[in-house]
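Q: Spelled out from the first residue to the last, the chains are:
2 protein chains.
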Amino acid sequence: MRRFLLFFFLFPSLLLAQDSQKEDAFFIRQIYDEALTEGKSYDWLNYLTQRIGGRLAGSPQAAAAVEYTKQVLDTLSIVDSVWLQPCMVPHWVRGEKEQIRVVNSLKMGTISLNGLALGNSVGTGANGITAEVIELSDLEEVDSLGPQLNGKIVFFNNPMDPTQLNTFSAYGKAAGPRVWGASRAAKHGAVGVVVRSLTTRQDDIPHTGSTVYDNETTPIPAFAISTNDAELLSRLLQEEPIRLFMRSTCEMLPEVESFNVIAEIKGSDYPDEIILVGGHLDSWDVGTGAHDDGSGCVHSMEVIHLIQRLNYRPKRTIRCVLFMNEENGLRGGRAYWKWSNGKKEFHLAAIESDRGGFTPKGFTVDGHDDIFNKYFKQVIEWLPLLEAYGLAIRKGGSGADISGLKEQQGLLFGLEPDSQRYFDYHHTPIDGLDVVNKRELELGAAAMTSLVYLLDKYGLK
Amino acid sequence: MRRFLLFFFLFPSLLLAQDSQKEDAFFIRQIYDEALTEGKSYDWLNYLTQRIGGRLAGSPQAAAAVEYTKQVLDTLSIVDSVWLQPCMVPHWVRGEKEQIRVVNSLKMGTISLNGLALGNSVGTGANGITAEVIELSDLEEVDSLGPQLNGKIVFFNNPMDPTQLNTFSAYGKAAGPRVWGASRAAKHGAVGVVVRSLTTRQDDIPHTGSTVYDNETTPIPAFAISTNDAELLSRLLQEEPIRLFMRSTCEMLPEVESFNVIAEIKGSDYPDEIILVGGHLDSWDVGTGAHDDGSGCVHSMEVIHLIQRLNYRPKRTIRCVLFMNEENGLRGGRAYWKWSNGKKEFHLAAIESDRGGFTPKGFTVDGHDDIFNKYFKQVIEWLPLLEAYGLAIRKGGSGADISGLKEQQGLLFGLEPDSQRYFDYHHTPIDGLDVVNKRELELGAAAMTSLVYLLDKYGLK
Chain U
1 MRRFLLFFFL FPSLLLAQDS QKEDAFFIRQ IYDEALTEGK SYDWLNYLTQ
51 RIGGRLAGSP QAAAAVEYTK QVLDTLSIVD SVWLQPCMVP HWVRGEKEQI
101 RVVNSLKMGT ISLNGLALGN SVGTGANGIT AEVIELSDLE EVDSLGPQLN
151 GKIVFFNNPM DPTQLNTFSA YGKAAGPRVW GASRAAKHGA VGVVVRSLTT
201 RQDDIPHTGS TVYDNETTPI PAFAISTNDA ELLSRLLQEE PIRLFMRSTC
251 EMLPEVESFN VIAEIKGSDY PDEIILVGGH LDSWDVGTGA HDDGSGCVHS
301 MEVIHLIQRL NYRPKRTIRC VLFMNEENGL RGGRAYWKWS NGKKEFHLAA
351 IESDRGGFTP KGFTVDGHDD IFNKYFKQVI EWLPLLEAYG LAIRKGGSGA
401 DISGLKEQQG LLFGLEPDSQ RYFDYHHTPI DGLDVVNKRE LELGAAAMTS
451 LVYLLDKYGL K
Chain X
1 MRRFLLFFFL FPSLLLAQDS QKEDAFFIRQ IYDEALTEGK SYDWLNYLTQ
51 RIGGRLAGSP QAAAAVEYTK QVLDTLSIVD SVWLQPCMVP HWVRGEKEQI
101 RVVNSLKMGT ISLNGLALGN SVGTGANGIT AEVIELSDLE EVDSLGPQLN
151 GKIVFFNNPM DPTQLNTFSA YGKAAGPRVW GASRAAKHGA VGVVVRSLTT
201 RQDDIPHTGS TVYDNETTPI PAFAISTNDA ELLSRLLQEE PIRLFMRSTC
251 EMLPEVESFN VIAEIKGSDY PDEIILVGGH LDSWDVGTGA HDDGSGCVHS
301 MEVIHLIQRL NYRPKRTIRC VLFMNEENGL RGGRAYWKWS NGKKEFHLAA
351 IESDRGGFTP KGFTVDGHDD IFNKYFKQVI EWLPLLEAYG LAIRKGGSGA
401 DISGLKEQQG LLFGLEPDSQ RYFDYHHTPI DGLDVVNKRE LELGAAAMTS
451 LVYLLDKYGL K
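Taken in order, these protein sequences are the chains called U and X.
Per my numbering, residue 1 is the first one in the first sequence, and the count goes up by one each step.
Per my numbering, residue 1 is the first one in the second sequence, and the count goes up by one each step.
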């Protein structure tokens with residue numbers, strides 16, 4: 001024992017380091033205890049999903065979500081200021097319930113498919129469109145088939161790869177046709193596009209999501225159909241030519257004003273070093289956006305709430321940002337970057353939660369190479385504190401809403417929850433409160449708060 | 001490059017080790033690919049839960065589950081033998097729907113509670129019982145209150161600790177009153193026992209589970225009530241004396257014969273070294289035992305199926321055992337141990353899956369100290385292969401059905417899935433197929449198969 005003390009007498013900094021690590025472990029334990037017993041995230045998510053509902057940018061529900069989250073953040077006394085940051089957003093409306101059906105199968109007659117118009121899609125006109133279907137396995141086939149697409153409805157039937165353990169990787173590889181299929185096919189005279197829903201599940205649930213038109217071609221209507229119906233359509237096409245009827249009255253209305261919701265605790269020692277936590281407040285209209293991204297919003301609000309409950313006074317500025325219009329325009333993110341860069345702000349770190357409210361497995365970290373290489377080592381030093389809660393740290397993208405902050409030369413983090421169930425619900429009518437687990441949600445907020453605590457206490461050096 | 005080759009020329013064993021690790025990584029990748037694309041576990045679980053249902057030992061459904069799983073295992077051509085191993089099991093029946101209600105609240109009148117008789121409980125008699133309630137916070141209070149319990153219904157209101165990240169730890173610490181409460185309270189003349197359901201969720205769902213009577217006292221009826229009702233009852237008791245009416249017609253019938261279902265692939269090189277994979281086939285009657293433990297059964301069957309699909313010929317004997325009566329007697333486990341020990345068998349390893357069908361996080365490992373210390377190092381060497389799939393290995397208990405195999409001086413493993421949701425469903429009417437995610441289930445089977453592959457290929461040295 002004496003020798004032990006002598007050791008620390010000779011190397012007092014080690015003793016301090018050890019004390020400090022104990023203190024950190026103790027504080028992080030308190031964060032988790034508090035999140036799991038006094039957390040508010042689930043109650044807030046209940047309100048966002050059950051009382052407000054789907055929150056597509058420009059909708060009355062999106063306005064309600066802005067008002068509700070601002071009011072909640074206003075009740076947190078630790079917050080120095082809460083404000084709304086305006087941005088103009090696209091205002092797309094789905095209109096009447098879409099129709100999509102096979103109209104001429106000799107074997108099976110007329111078959112209604114489970115379909116949804118893709119977000120931003122133009123409508124078909126009140127009479128709908130009917131055309132022969134041509135099946136493609138990927139975006140690359142469009143140009144090779146060229147003229148054969150003329151007058152056709154192009155059906156992209158590329159499945160998500162179920163063998164990818166990270167379902168976001170499979171999503172990234174399969175999302176091309178949903179995003180670019182309509183504009184690419186229109187170049188060759190296609191009259192409509194149908195994509196296979198982006199999920200590894202075989203079921204009857206269609207998944208919407210945004211499609212993007214370029215400026216060169218006339219927009220054509222785009223739908224998603226369920227994976228079961230994609231399989232059915234593909235089988236039918238092997239036997240006979242198939243004609244589809246599609247009808248949607250969706251349309252893009254004039255842009256409207258909306259807002260990011262921002263709450264900030266001013267740092268006591270380094271107010272100019274900002275640590276941002278955020279998610280996006282808008283969601284698709286068909287469900288109630290519980291995982292995407294109600295969870296990320298209440299995670300971020302909970303960070304502020306937990307800091308308050310634990311009487312922690314941050315040295316750096318902690319800012320919670322609930323972004324508007326991530327789903328079909330990213331206008332909130334862009335408005336924020338422009339404003340922040342204009343003020344020459346410095347985000348030491350930004351953490352986005354936009355991968356659902358499942359059990360957190362850690363964080364992905366992003367940044368310019370030199371920044372990443374400089375600071376990643378330090379973040380890794382915190383791992384023992386985080387691993388006790390099942391959290392790992394790896395290089396990887398952060399989140400769309402904060403991606404523009406990379407220019408500010410700080411680190412960008414993405415909360416990384418277990419991804420196995422995410423694409424069962426993503427952009428569907430079943431992304432609701434009942435598929436979010438309260439404990440899993442609370443653990444996500446605790447994970448983010450723990451990282452914020454370490455970033456705030458130690459900074460990045 | 002030349003220097004690199006020279007290095008391996010001088011140390012060829014390193015080259016071999018590297019080759020071997022590549023081969024292992026490749027094979028494990030194939031296991032996962034196969035499980036996620038050609039796995040049968042979810043289909044089998046569908047049959048067990050939707051077609052057969054709750055499978056309490058002694059019930060017709062338990063017999064159907066024995067027959068069904070035997071038939072499935074018989075279809076797997078790689079299996080050398082499938083057999084039923086008899087065991088006598090308790091035959092407890094729940095009888096008519098239980099009733100439990102507050103009968104005298106001045107403020108609220110009569111209040112029906114959400115309750116279930118605990119498994120093995122005696123009934124109340126056709127007229128039910130009515131008595132005053134006394135609330136206790138834990139088993140330890142029983143003896144200190146002693147005579148005050150006479151003629152009372154004892155209400156154990158000890159919640160599971162929500163701050164434990166591993167919910168099984170919280171369960172273990174809170175389960176005492178459910179298991180021993182009735183016999184302990186009966187010693188002091190209590191006429192009935194009510195326990196708070198074992199879950200961290202606040203809801204209206206009662207959780208059953210076994211209670212154990214000693215031989216010294218006359219058994220008294222025991223119920224579980226939902227956590228919401230436990231809170232309600234506790235609040236009422238703070239205001240006024242409360243009397244409860246309890247009625248159940250459950251009873252223990254004479255023992256009946258049932259079976260473990262066993263399938264075996266004889267090892268080519270070391271047939272006497274057995275690697276067991278297993279789960280338990282029985283479940284509580286109130287739900288359909290999807291997580292507990294239909295998942296563990298189909299995980300274990302899938303191990304055999306994947307080995308077959310990959311044309312892997314095991315060097316050691318791989319044995320799949322579906323145990324009977326884990327929930328309220330462990331008779332299947334005991335029969336198996338007795339039979340296996342009698343034959344002087346050696347289980348090199350046994351892996352039980354009895355913690356649900358959620359995303360696997362790794363394995364717990366158990367064994368006699370000397371065995372554990374001898375072999376754990378080797379198991380840890382496989383970690384890099386398993387970590388790629390999010391799997392860790394830590395010291396910890398394995399599973400009730402294989403616990404008796406510890407005497408055979410091999411290693412015991414428990415599959416460890418994410419535990420956050422397990423006690424939302426455990427022993428309830430809502431433990432059904434709809435709360436099992438297909439991918440998560442498949443990943444559990446792949447994890448077990450990967451460990452079996454490594455154990456089979458390398459043994460334990």
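Don't take each hint at face value.
[Said to hold, decoys possible] Computed list of lysine to any residue pairs in SDA-like fashion (alpha-carbon distance at most 20 Å, straight line): (1) X:Lys173 x U:Ile129; (2) U:Lys173 x X:Thr163; (3) U:Lys40 x X:Arg201; (4) X:Lys40 x U:Ile129; (5) X:Lys395 x U:Asp203; (6) U:Lys173 x X:Thr37; (7) U:Lys40 x X:Asn228; (8) X:Lys40 x U:Lys187; (9) U:Lys40 x X:Asp33; (10) U:Lys187 x U:Ile129; (11) X:Lys173 x U:Thr37; (12) U:Lys22 x X:Thr163; (13) X:Lys40 x U:Pro384; (14) X:Lys40 x U:Thr163; (15) U:Lys395 x X:Lys107; (16) X:Lys40 x X:Tyr68; (17) X:Lys395 x U:Pro384; (18) X:Lys173 x U:Leu36; (19) U:Lys173 x X:Asp33; (20) U:Lys40 x X:Thr163; (21) X:Lys22 x U:Leu36.
Bear in mind the hints are in silico, worked out from the structure with no lab data behind them.
Q: Decide, hint by hint, whether the structure agrees.
A: For each hint, the structure was consulted:
1. X:Lys173 x U:Ile129: Distance of about 64 Å is beyond 20 Å: violated.
2. U:Lys173 x X:Thr163: Given that 20 Å is the threshold and the Cα spacing comes to 38 Å, the pair is violated.
3. U:Lys40 x X:Arg201: Given pair U:Lys40, X:Arg201 holds - Cα atoms ~15 Å apart, limit 20 Å.
4. X:Lys40 x U:Ile129: It is violated: about 41 Å lies between the C-alpha atoms, which goes past 20 Å.
5. X:Lys395 x U:Asp203: Violated - the C-alpha atoms of U:Asp203 and X:Lys395 are around 40 Å apart, more than 20 Å.
6. U:Lys173 x X:Thr37: Holds - the C-alpha atoms of X:Thr37 and U:Lys173 are around 18 Å apart, at most 20 Å.
7. U:Lys40 x X:Asn228: Satisfied, since the Cα-Cα distance of roughly 18 Å is no more than 20 Å.
8. X:Lys40 x U:Lys187: 43 Å, violated
9. U:Lys40 x X:Asp33: With Cα atoms ~40 Å apart, U:Lys40 and X:Asp33 exceed 20 Å; violated.
10. U:Lys187 x U:Ile129: With a Cα-Cα distance of about 18 Å, the restraint between U:Lys187 and U:Ile129 holds, given a limit of 20 Å.
11. X:Lys173 x U:Thr37: 18 Å, holds
12. U:Lys22 x X:Thr163: 19 Å, holds
13. X:Lys40 x U:Pro384: 38 Å, violated
14. X:Lys40 x U:Thr163: 15 Å, holds
15. U:Lys395 x X:Lys107: Roughly 60 Å between the alpha carbons, so the hint for U:Lys395 and X:Lys107 is violated.
16. X:Lys40 x X:Tyr68: Roughly 14 Å between the alpha carbons, so the hint for X:Lys40 and X:Tyr68 holds.
17. X:Lys395 x U:Pro384: It holds: about 18 Å lies between the C-alpha atoms, which stays within 20 Å.
18. X:Lys173 x U:Leu36: Distance ~18 Å between X:Lys173 and U:Leu36 Cα, so the pair holds.
19. U:Lys173 x X:Asp33: 17 Å, holds
20. U:Lys40 x X:Thr163: 15 Å, holds
21. X:Lys22 x U:Leu36: Distance of about 42 Å is beyond 20 Å: violated.
Violated hints, listed in ascending order, are 1, 2, 4, 5, 8, 9, 13, 15 and 21; each of the other numbered hints is respected by the structure.
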